[in-house]
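2 protein chains.
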Amino acid sequence: MITVSIIGTGNVAWHLAKCLSAKAGIHLKQIIGRNGDTLAQFSEFAPCTADISSQQIVDVLIIAVSDTAIAQIPKQIKDGHQLVVHTSGSMPMNALEPLVNRGVFYPLQTFSKGFAVDWSNIPLCLEVFQEEHQVLLLKLASAIGNEVHFINSKEREKLHLAAVFVNNFGNHLLAYAEKICEEGNLDFSLLQPLAEETVKKAFVLGSENAQTGPAKRGDTISLKKHLTLLKDKDQINTYKELTNYILKKYGRKEL
Amino acid sequence: MITVSIIGTGNVAWHLAKCLSAKAGIHLKQIIGRNGDTLAQFSEFAPCTADISSQQIVDVLIIAVSDTAIAQIPKQIKDGHQLVVHTSGSMPMNALEPLVNRGVFYPLQTFSKGFAVDWSNIPLCLEVFQEEHQVLLLKLASAIGNEVHFINSKEREKLHLAAVFVNNFGNHLLAYAEKICEEGNLDFSLLQPLAEETVKKAFVLGSENAQTGPAKRGDTISLKKHLTLLKDKDQINTYKELTNYILKKYGRKEL
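In order, the protein sequence lines correspond to chains A and B.
Just so you know, we're using the numbering used here here: the first sequence kicks off at 1126 and counts up by one.
Just so you know, we're using the numbering used here here: the second sequence kicks off at 1126 and counts up by one.
Chain A extracted, bound-state conformation:
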C-alpha cells in the first residue's frame, strides 16, 4: 500500500485525486488546499484540509500547485515524507530545494476539471533526486498509467516547450478556425475529422511528410485569395506569418 497526499486544488490535482482515490494499492490520505470553495470539489476523493500544518506523513506527497506557488511549499513540508514531488513541466526538480527527498511526477497532458482523461495513455515523466526513490515513484506511476518515462529537468523543460506549440498554440489555431466557421454559419464539427487526421499523419508519417496545402505548393494565387477572405487583423497576420514560414521552409519566395 502506498500512502499519498496532494497539495493543490487545480486541474491536475483534481484528476490525480480522482484517479488515485479509486486505485487499489493506493491510499489517498489528504487533499490540502488554501481555497475552501475549490477544496470542496475534492471531498468525494479524500479528507480535505485548508491547514497545511495538519499534514499527515505519507510515502509520496504530490505538490500540484501553479508554477509560481511551488517555491512557497518546501518550507511548509514536515520532515518524514518518504518522497515529495511536484507535477510541473517547466519547473526544475530543484525548485523543491532544500528538500532532499524530492522528485517530479509530470503527466504530459492537458487537464480540465470534469473533462475525463484516459490515464492509461498519458506519458508520466518522472525524476528523482535520490536513486533510492526510483522504485517507489515507478510503482506509483505504474499504478496510474502505462506510459512511464524517467526524464530529467533539462529534457522536461524542452518537452514542455514543445507541448506549448502542440496544445496552447494548436488550440489557438483551432479557435481561429472555429471563428471562421461561426462567421460563415458553418458547423465547426465539419473540421473534426480533418483535425484528427492532421495529428495522426504528423505522428505516423512525420510532420515533414505530412505537410500539404497552398503554402507548401507555393500556390500564391490561393494564398492571396485566402487573405482577401479574412477580415480579422490577427487572423490575417497569423495567416501571413505562418504561410511565410512554410514558404521559406520549402524554399519558396515569401508573400
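Watch out, some of these pointers could steer you wrong.
It does not matter which identical chain is used: a pair holds within one copy or between any two.
In silico DSS-like links for lysine-lysine, alpha-carbon gap of 25 Å or less [unchecked claim]: (1) K1143 - K1238; (2) K1148 - K1264; (3) K1341 - K1356; (4) K1365 - K1200; (5) K1374 - K1304; (6) K1350 - K1378; (7) K1358 - K1143; (8) K1200 - K1356; (9) K1238 - K1148; (10) K1374 - K1200; (11) K1325 - K1378; (12) K1154 - K1238; (13) K1143 - K1365; (14) K1341 - K1358; (15) K1200 - K1238; (16) K1203 - K1238; (17) K1350 - K1279.
Everything labelled a hint here was simulated from the structure, so no lab data went into it.
Small disclaimer: the values here were computed from a predicted structure and weren't measured.
Starting from the known structure of chain A, fit chain B onto it as the hints suggest.
Here is chain B on its own, set in the frame of chain A:
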C-alpha cells in the same frame, strides 16, 4: 449502377479511385491523366488513359486535378455526361463554366497516396448547379461515406480557409514541436496523446474553454523563460506572435 470516371492522378484522385473501384453499385469506368508514371499507379482500380479525347460518357465525371488546372478541363469535356464535378475546396462551382451540368464533390480531408483514410468519417461537401442533379450526387456520396452536406461555393471557400488553419498551420506547429524534440533527443511520440486530446477538447468543450497555458494565464515568467530556451529564429518569432495573440485575446498585456 452509377458509372463514374476520374480525371486527375493526384492524392484525392488516388483515394477516390481506390474507394470507388471497390463499391457495389458503382462502376469506375476510366481514369484519365496526363502523366503516364502516376497513371500507372491507378491501373489496379480501372482502365487508364492519357488521352482525354477517348473519354467514355458516364453518369458522374469527377475532375480531381489541381486548382490551377481546372480551368483547362471544361473545353475538353464531351457532351453527354450527366454530371461533371470538381473536388476543390477553394474553387467555385462556376470554375466549370460553360458546362451546365456542373457540381462539386469536395471531401474535407487531407490525403496522401498510400496513407489509408476512413471515408465513413469524411465530410463530403456537395453542390450542384441544376437541382435535378441533387439526387444523383447524393446517391454517389452516400455510397462512399456517411457525412454528406450540401454546401455552396461561398461557404465552401470559408470552410477551406478554416481547414488551412487546422491542417496546414496545425501541422506546421507540430513540425516545430518535432524539431524541438529532435534537438533534445526526446521521442516526438510522447506528445501524441496531448495532440489528440487538444483536438478532442476543442471540439467537445469549444476552443475558447479548452485554451490553457502560460499565455492564457498571463504567466510572463514562464513565457520569457521559454523564449530563452528557443534558438531557431522562426520558432522564436512564432512563439512570440502566437503568445501575443493569446495574451491580447484574454485581455492581458503583450510581451
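Taking the earlier hints as the rules, which of them does this structure contradict? 4, 7, 8, 10, 11, 13, 15, 16
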